[in-house]
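Novice: Each chain, written out:
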Amino acid sequence: MGNKNGYINFEVVVTPEDGKKSIFDPNAFPGISNLDLFTPPIDKNIEVAQKLQRNGIEIHHIGEFSISASCTKKKFESFFNTEVNKIQLPKDANIPDDYEMFAPDKSSPWKLPSEDSLDTLIDRAYVQHDPILFADERPLPPLWTDEFRLRVPVDVAQILRASSVHKRGYTGKGVKVVMADTGFYHHPYFKEQGYNFMAITAPDTLDHSSDSHGHGTGECANLFATAPGINFVGVKMGNPTLAIKTATELKPDIISNSWGYSVDGPLPEMPNWLKPLYMAVLSAVKRGITIVFSAGNGHYGFPGSMPEVISVGGVVVDSDLEYSATNYTSGFKSRWFPGRNVPDVSGLCGVRPRADYIVLPVQKGAVLEIADGWGAFSGTSAAAPMVAGVCALIKEAKPEYSSADIKNTLKFTARDIIKGVNAHNQEARPGPDLATGFGLVDAARAIENLI
Amino acid sequence: MFLLIITLISCTLFQEVRAMQQTQEHVRFDVILKSSASGKDPTLDNIEEFFPESEHIEICRLWFKQQGVAVYATDFGLSGETSQAIFEKIFKVKLIPSKSGGEGNGWIVEGTLQVPPSIADYIDQVTLTVLPELF
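So the protein lines, in turn, are chains S and E.
Residue 15 is where the first sequence starts when you use the numbering used here, and the numbers rise one by one after that.
Residue 682 is where the second sequence starts when you use the numbering used here, and the numbers rise one by one after that.
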């Protein structure tokens with residue numbers, strides 16, 4: 015893309031031979047059947063290209079119909095005896111704000127160069143404008159520099175020490191992980207990374223590939239960051255009980271959930287309206303599925319408080335690689351399940367007020383989008399799928415491991431966090447605590463512990 | 682005997698509510714069917730005892746379908762969705778949209794929910810579905 019910073023890309027078309035026609039002839043109607051009529055001999059194109067090059071023009075490609083060339087704006091103006099100006103673009107053409115076009119306008123002079131008789135060899139030369147990219151989303155995360163942020167997959171994988179595990183061949187291959195959330199838009203990022211990405215709808219929802227909120231699409235990128243080789247299936251959810259049922263029927267190894275209710279504490283006991291969900295989760299665990307839930311962002315998160323699930327809190331890592339508990343995440347003693355401390359372990363999570371810490375892909379126009387099909391959001395919603403990914407690495411290394419085995423492995427290999435307080439004012443200190451549970455999951459230690 | 686009280690959802694339970702959206706006219710609900718374990722507290726050890734007879738699920742599913750309700754079988758009963766008007770007619774209650782539940786996530790139920798006699802023998806509880814918050 016070169017028509018910026020004083021550089022001009024242009025195409026040169028040579029004059030037609032006897033018996034042939036110029037493509038610029040007003041009566042020319044080129045089509046598949048008569049293309050030969052407009053095709054100059056390749057030798058002539060080469061000759062013109064050589065002469066252009068000799069006169070200080072950069073040649074990029076000698077094509078069948080034209081020569082692709084470029085030079086500085088100053089050279090272009092002197093070579094063609096013209097004046098290049100910025101073209102005024104129509105305001106209603108939906109053209110990106112930063113798109114610019116430079117070319118001689120109609121009032122500018124124009125003369126083909128006489129050097130090396132080029133004026134007799136060139137039919138036309140014209141500026142080749144940069145195309146407008148119609149893709150709605152960037153395939154790679156943008157580098158926003160207004161704040162310190164993490165990018166997927168590299169930053170997340172490195173901080174959770176999953177990168178070295180991937181290099182040893184453990185990527186979650188053969189492990190099926192299902193995630194229930196707002197939808198799963200097939201963002202170009204997933205294609206660029208080569209992930210095994212699939213999505214379905216729960217029976218009470220429509221169009222799994224549409225995610226107007228952005229939550230599901232973004233959060234599953236955290237899962238892939240720690241386990242890029244998994245077989246992923248997203249379930250677009252409506253009724254959460256039905257979503258868990260749908261996920262369970264897929265017979266996955268792991269179900270990751272970045273949602274819940276702030277009820278375990280504010281309500282003295284489980285209300286009837288949560289029993290269907292509670293039973294659906296128990297049923298899934300009974301079938302040998304490892305269930306991961308976010309603990310909440312200052313919430314008293316259920317089902318994250320169920321003893322049968324892996325409950326995930328948050329740890330923040332700053333630009334100096336200092337690890338601490340974050341004031342955005344939950345940590346509490348369950349009122350409904352005596353003896354149950356939440357969370358078990360932690361993933362990466364931002365801080366108050368917005369926790370806009372990890373740059374994640376979203377559908378263009380989604381609620382969570384900041385720009386170019388990307389957003390920045392990272393409560394325990396982000397932390398849970400990261401941990402679910404590490405569960406997948408463990409499951410690949412030890413397929414026979416139960417949910418309880420996986421939870422224990424995560425706990426006893428986690429990096430202890432001894433600094434900071436969480437949203438419930440629980441202080442991180444040596445050993446397990448309510449601020450971060452057993453600490454930040456460490457994929458490398460978890461796998462080393464097993465093999 | 683089959684009168685059930687629907688739990689009202691208080692906004693005070695929700696900090697920084699980011700609940701998934703549910704349109705006010707659209708009602709989702711969950712049905713748990715009776716089983717050999719009805720009345721017990723579900724645990725990991727006894728959860729399979731809560732599976733109802735599959736025949737009972739099918740009877741209830743067809744009944745709801747005949748009333749114009751979309752229902753889907755779960756391990757423990759059914760999850761359904763219908764209009765506010767049909768729900769009110771079936772269960773003889775009045776639903777009042779509650780903004781306090783967060784983004785249209787709640788209803789205030791006026792009256793006591795009554796399970797229709799045709800399926801009452803099979804039903805343990807009917808509850809309105811509350812959509813979760815995204816963490």
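Honestly, the hints are just simulated from the structure, not real lab data.
This structure is a prediction, so every number in the text was calculated from the model and none was measured.
The beta carbon of each residue, even a glycine, is placed where N, CA and C say it ideally should be.
Mixed in with the good hints, there may be bad ones.
Calculated lysine-lysine pairs in the DSSO-like style (CA-CA distance at most 30 Å, straight line) [as the list claims (entries may be wrong)]: (1) E:K715 with S:K187; (2) S:K89 with S:K190; (3) S:K105 with S:K65; (4) E:K770 with S:K289; (5) S:K265 with E:K770; (6) S:K88 with E:K721; (7) S:K289 with E:K721; (8) E:K775 with S:K289; (9) S:K289 with E:K773; (10) E:K715 with S:K265; (11) S:K120 with S:K88; (12) S:K100 with S:K88; (13) S:K65 with S:K88; (14) E:K775 with S:K347; (15) S:K35 with S:K190; (16) S:K300 with S:K125; (17) S:K125 with S:K100; (18) E:K746 with E:K773; (19) E:K715 with S:K300.
Some chain E residues well away from chain S (every beta-carbon gap over 10 Å; in silico) [to be verified]: (20) S717; (21) E734; (22) E736; (23) W744; (24) G749; (25) G758; (26) K773; (27) V774; (28) L812; (29) P813.
Novice: Take the hints in turn and mark each one as holding or not.
Specialist: Going through the hints against the structure:
1. Taking the CA atoms of E:K715 and S:K187, the gap is near 41 Å; set against the 30 Å cutoff, the hint is violated.
2. Taking the CA atoms of S:K89 and S:K190, the gap is about 59 Å. The hint is violated against a cut of 30 Å.
3. Simply put, S:K105 and S:K65 have alpha-carbon atoms about 40 Å apart, too far for the 30 Å limit, and the pair is violated.
4. Taken as a hint, the E:K770 and S:K289 pair is honoured in the structure, with Cα atoms around 24 Å apart against an allowance of 30 Å.
5. For a cut-off of 30 Å, the pair hint linking S:K265 to E:K770 is broken: about 38 Å separates their Cα positions.
6. Taken as a hint, the S:K88 and E:K721 pair is broken in the structure, with Cα atoms around 86 Å apart against an allowance of 30 Å.
7. The suggested pairing of S:K289 with E:K721 holds, with an alpha-carbon distance near 12 Å, which does not exceed 30 Å.
8. A C-alpha spacing of about 23 Å is found between E:K775 and S:K289, which places the hinted pair at or below 30 Å, so the restraint holds.
9. Distance restraint check for S:K289 and E:K773: the Cα-Cα separation of roughly 23 Å lies within the 30 Å cut-off, and the hinted pair is therefore satisfied.
10. Between E:K715 and S:K265, the direct Cα distance comes to roughly 26 Å. Compliance with the 30 Å bound is thereby established for this hinted pair.
11. With a CA separation close to 18 Å, the supplied pair S:K120 and S:K88 stays within the 30 Å bound.
12. With a C-alpha separation of about 14 Å, the suggested pair S:K100 and S:K88 falls inside the 30 Å cut-off, and the hint holds.
13. Between S:K65 and S:K88 the alpha-carbon distance is near 19 Å, which keeps this suggested pair within the 30 Å criterion.
14. A distance of roughly 37 Å separates the Cα atoms of E:K775 and S:K347; the hinted pair therefore is violated under the 30 Å criterion.
15. Restraint check for S:K35 and S:K190: the C-alpha separation of about 61 Å exceeds 30 Å, so the hint is violated.
16. For the hint linking S:K300 to S:K125, the alpha-carbon distance of about 81 Å lies beyond 30 Å, and the restraint is violated.
17. For the proposed pair S:K125 and S:K100, the alpha carbon gap of about 20 Å is at most 30 Å, so the pair holds.
18. Only pairs whose Cα atoms come within 30 Å are accepted, and E:K746 paired with E:K773 is accepted, the gap being roughly 18 Å.
19. Distance check on the hinted pair: E:K715 and S:K300 sit about 20 Å apart at the alpha-carbon level, within 30 Å; holds.
20. For E:S717, the non-interface assignment is confirmed: its Cβ lies about 14 Å from the closest Cβ of chain S, beyond the 10 Å cut-off.
21. No Cβ of chain S comes within 10 Å of the Cβ of E:E734; the nearest lies about 16 Å off, and the non-interface call holds.
22. With a closest Cβ-Cβ approach of about 19 Å to chain S, E:E736 is found to remain outside the 10 Å limit, as its non-interface label requires.
23. Residue-level check passed: E:W744 sits 18 Å from the nearest beta carbon of chain S, beyond 10 Å.
24. Residue placement check: E:G749 keeps its beta carbon more than 10 Å from all beta carbons of chain S (closest about 15 Å).
25. With a least CB separation of 7 Å from chain S, E:G758 falls inside the 10 Å interface cut-off, contrary to its annotation.
26. For E:K773, the condition that its CB be more than 10 Å from all CB atoms of chain S holds, with the nearest at approximately 18 Å.
27. Listed as a non-interface residue, E:V774 keeps its Cβ farther than 10 Å from every Cβ of chain S; the least gap is roughly 14 Å.
28. Remark: the non-interface label on E:L812 conflicts with the geometry, its nearest Cβ contact in chain S lying 7 Å away (cut-off 10 Å).
29. With 10 Å as the threshold on Cβ separation, the claim that E:P813 sits away from chain S is violated: the shortest Cβ distance comes to roughly 4 Å.
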